[in-house]
Amino acid sequence: MIKQKPKNTILSIIAIAILLVILELIGRSKIDHYYIRILQYWSIYIIYGASFQLLYGYTGLLSLGHAGLIAIGAYAVGIFTISPATKTMSYILQPPAPFISNVQIPFIPALIIGGVFAALFGLVVAAPALRLGGDYLAIVTMGFAEVIRLLIVNMPSIFNGAMGLRAIPQSATLLMTWSVAIVCLFVMKRFENSTYGRALLAINEDEIGAEALGINVFSNKVKAFVLSSFFAGIGGGLMASVLGTIDPNTFKSTLTYTAVTICVLGGIRSATGVIIASGIYSIMSEFLRVFESPIKIGNFNFSGMPGMRVLVFGIMLLFLMLFRREGLLGSKEFSWDWFFSLFKKKPPKEQEKTVHTDKMGGSL
Amino acid sequence: MTFDNFIQFVVMGLSLGAMYSLISIGYTIIYGILKLINLAHGDFFMLAGFLGMWGALYYGVPLWLSLVFGLALTVGVILFVNWFIYRPLRQYKMAAFTSTFAISMIVQASVIMFLSARAQAFPHPDFLNTPIKIGNIIIPMVTPFIIVIALILFGILTLIVNKTKIGRAMRAVSLDMEMVTLMGVNVENVIAFSFALSVVYAGMGAYLWGMRYPAFDPNIGVVTGLKGFIGAVIGGIGSIPGAMLGGFLLGFAEIMLIGFFPQYTNFRDIFSYAIMIIFLLFRPGGIFNVKIREEKV
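For the protein sequence lines, the chains are X and H, in the order given.
When we follow my numbering, the leftmost residue of the first sequence carries the number 1, and every step to the right adds one.
When we follow my numbering, the leftmost residue of the second sequence carries the number 365, and every step to the right adds one.
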């Protein structure tokens with residue numbers, strides 16, 4: 001792993017601290033709740049994108065089951081944090097099953113439980129599916145995501161079926177979602193820069209070669225898959241708490257599209273890219289939502305174009321695939337050395353070098 | 365369940381299976397030739413259905429003409445997509461696969477935006493509504509109609525693949541693309557033809573689907589596409605007879621599940637996915653045990 005200069009680590013810590021203070025101030029100020037919601041989405045999308053990136057960019061696995069893993073995390077948080085009284089009221093189709101009806105735990109433990117459930121499920125899916133070729137993995141995971149959604153619809157005593165869960169305590173503040181996102185990114189980056197991450201990259205480049213060098217391909221892939229699932233679950237839990245209401249339709253394959261688009265847009269191996277792409281995605285999808293709903297300008301009625309967002313993001317994804325397969329940033333990262341080099345006058349050659357060699361450290 | 369009921373379920377199962385087979389064929393042809401799983405295939409099924417019924421529903425075009433026109437348009441779209449997107453990406457496996465995913469998003473969203481987001485009733489000739497009565501067995505006319513049409517289409521496909529020049533070229537390309545290029549076969553034409561063929565069969569499946577079930581909505585391609593894929597996996601992906609058989613078996617199994625265990629009707633999709641996963645784990649080559657490539661996307 002590349003050693004980080006101590007000065008840069010301190011700078012990163014300070015920058016993150018300043019960011020969190022600003023976010024906390026924004027969260028407490030009287031800014032319209034709508035904008036805070038967008039900022040929260042931003043952080044949640046970072047988690048989705050980064051967890052997808054671990055598989056797509058590093059391990060070279062295309063897993064299209066993110067919607068299902070997110071659903072597990074979201075429902076875990078929903079079920080465990082709603083108070084027993086609300087549960088008895090809102091489970092209309094069937095009374096809640098005895099083992100969930102009297103449970104209520106605080107948000108953070110519920111979030112972690114959601115992540116663990118998602119990770120366990122990821123393990124159950126990955127262990128068999130990873131034995132197959134890559135193309136099959138995509139389909140099997142897509143199938144599993146759909147199975148999860150259908151199970152949720154068809155098990156009303158646990159998940160309240162198609163009615164979904166309502167009145168989930170909205171305990172995830174702006175500060176909390178961003179802190180979780182930063183912790184997620186940090187853990188994932190540490191993983192990617194560790195021996196495991198290097199092994200994953202080797203597998204991605206040449207599977208047979210990696211195996212010949214003594215890397216246990218299967219076990220490394222499973223580890224990556226489980227970690228990715230864990231964070232997808234955490235992201236789902238945050239989403240449930242931010243939204244306050246979830247139902248099975250939230251977890252259709254559109255949610256997987258989101259993760260894929262963010263990862264591919266930002267750069268398939270760049271955490272900085274994921275942060276930027278999540279910002280673009282969350283702001284753009286709110287912006288495009290305007291076009292989807294009917295607008296009245298004077299006497300002219302514009303009936304709205306549902307599907308606009310998916311179309312725009314689909315075309316974007318396609319163009320990225322055609323012309324910039326490694327995403328906007330590829331595997332470049334933000335680094336303080338690069339940042340300072342902007343202000344210093346250096347010969348262009350060396351500047352180039354700093355950008356490319358600094359493949360990350362703890363700085364975000 | 366009485367014997368009469370059982371016969372009804374058999375006919376229903378076969379007709380559902382016939383429609384699944386028509387979708388499976390497309391997956392298998394493309395996989396056989398390009399080693400690419402075309403995730404957008406289900407959406408082309410949906411697109412063909414929508415374009416086919418649109419003329420008849422809103423512009424007063426005779427139904428047969430509207431269907432032909434819809435099929436032609438869909439073939440045009442897939443040829444465009446093949447030429448401008450799949451062809452340049454052919455050497456990048458992962459990117460090609462991700463692009464099929466993007467195409468799937470775009471097709472769905474365009475239908476929602478430019479045609480309709482709501483479910484539509486598919487126009488169909490009246491004679492299909494009349495029930496057939498044999499003793500106590502009552503079958504809607506449309507189910508045997510679907511089976512007959514599908515069998516005719518399978519016959520035509522078998523003839524194309526086995527007896528014509530382009531069919532021979534398709535089989536050759538699926539064995540070794542580079543070698544075939546050296547032999548002077550225009551591989552691009554063969555691939556374009558295969559895409560057109562896959563979409564024509566999916567489109568025919570969509571028309572039959574529309575005549576059988578009341579509603580046809582823009583999201584229908586996701587689940588039916590996956591079912592078609594499951595059919596292809598059961599038969600052994602890459603094998604055309606396998607896809608035909610696999611689709612039939614899947615449809616049959618689904619209807620039998622509903623027939624024998626009506627309380628599990630809601631679990632029918634889960635049951636299909638379970639079948640696929642079991643097949644992939646224990647017999648990835650499908651019934652015909654096709655040799656699969658263990659390579660990353």
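Simulated from the structure, these hints should not be mistaken for lab results.
Check the hints yourself; a few may be wrong.
As the list claims (entries may be wrong) - In the DMTMM-like style, the derived pairs of lysine to aspartate or glutamate whose C-alpha atoms are separated by at most 20 Å in a straight line are:
{"no.": "1", "chain 1": "H", "residue 1": "Lys457", "chain 2": "X", "residue 2": "Glu207"}
{"no.": "2", "chain 1": "H", "residue 1": "Lys457", "chain 2": "X", "residue 2": "Asp206"}
{"no.": "3", "chain 1": "H", "residue 1": "Lys497", "chain 2": "X", "residue 2": "Glu207"}
{"no.": "4", "chain 1": "X", "residue 1": "Lys252", "chain 2": "H", "residue 2": "Asp581"}
{"no.": "5", "chain 1": "X", "residue 1": "Lys252", "chain 2": "X", "residue 2": "Glu292"}
{"no.": "6", "chain 1": "H", "residue 1": "Lys457", "chain 2": "X", "residue 2": "Glu292"}
Stated by the list, open to error - Over the 10 Å line for every Cβ pair with chain X, so calculated as not near, a few chain H residues:
{"no.": "7", "residue": "Ile401"}
{"no.": "8", "residue": "Leu427"}
{"no.": "9", "residue": "Leu429"}
{"no.": "10", "residue": "Val439"}
{"no.": "11", "residue": "Tyr456"}
{"no.": "12", "residue": "Ile502"}
{"no.": "13", "residue": "Leu517"}
{"no.": "14", "residue": "Val544"}
{"no.": "15", "residue": "Gly548"}
{"no.": "16", "residue": "Arg576"}
{"no.": "17", "residue": "Pro582"}
Remember, predicted model here, so these are calculated numbers, not experimental data.
For glycine and all other residues, C-beta sits at the position ideal for the given N, C-alpha and C.
Legend entry - Violated constraints from the hint list, given by number and in increasing order: 3, 6, 7, 11 and 17
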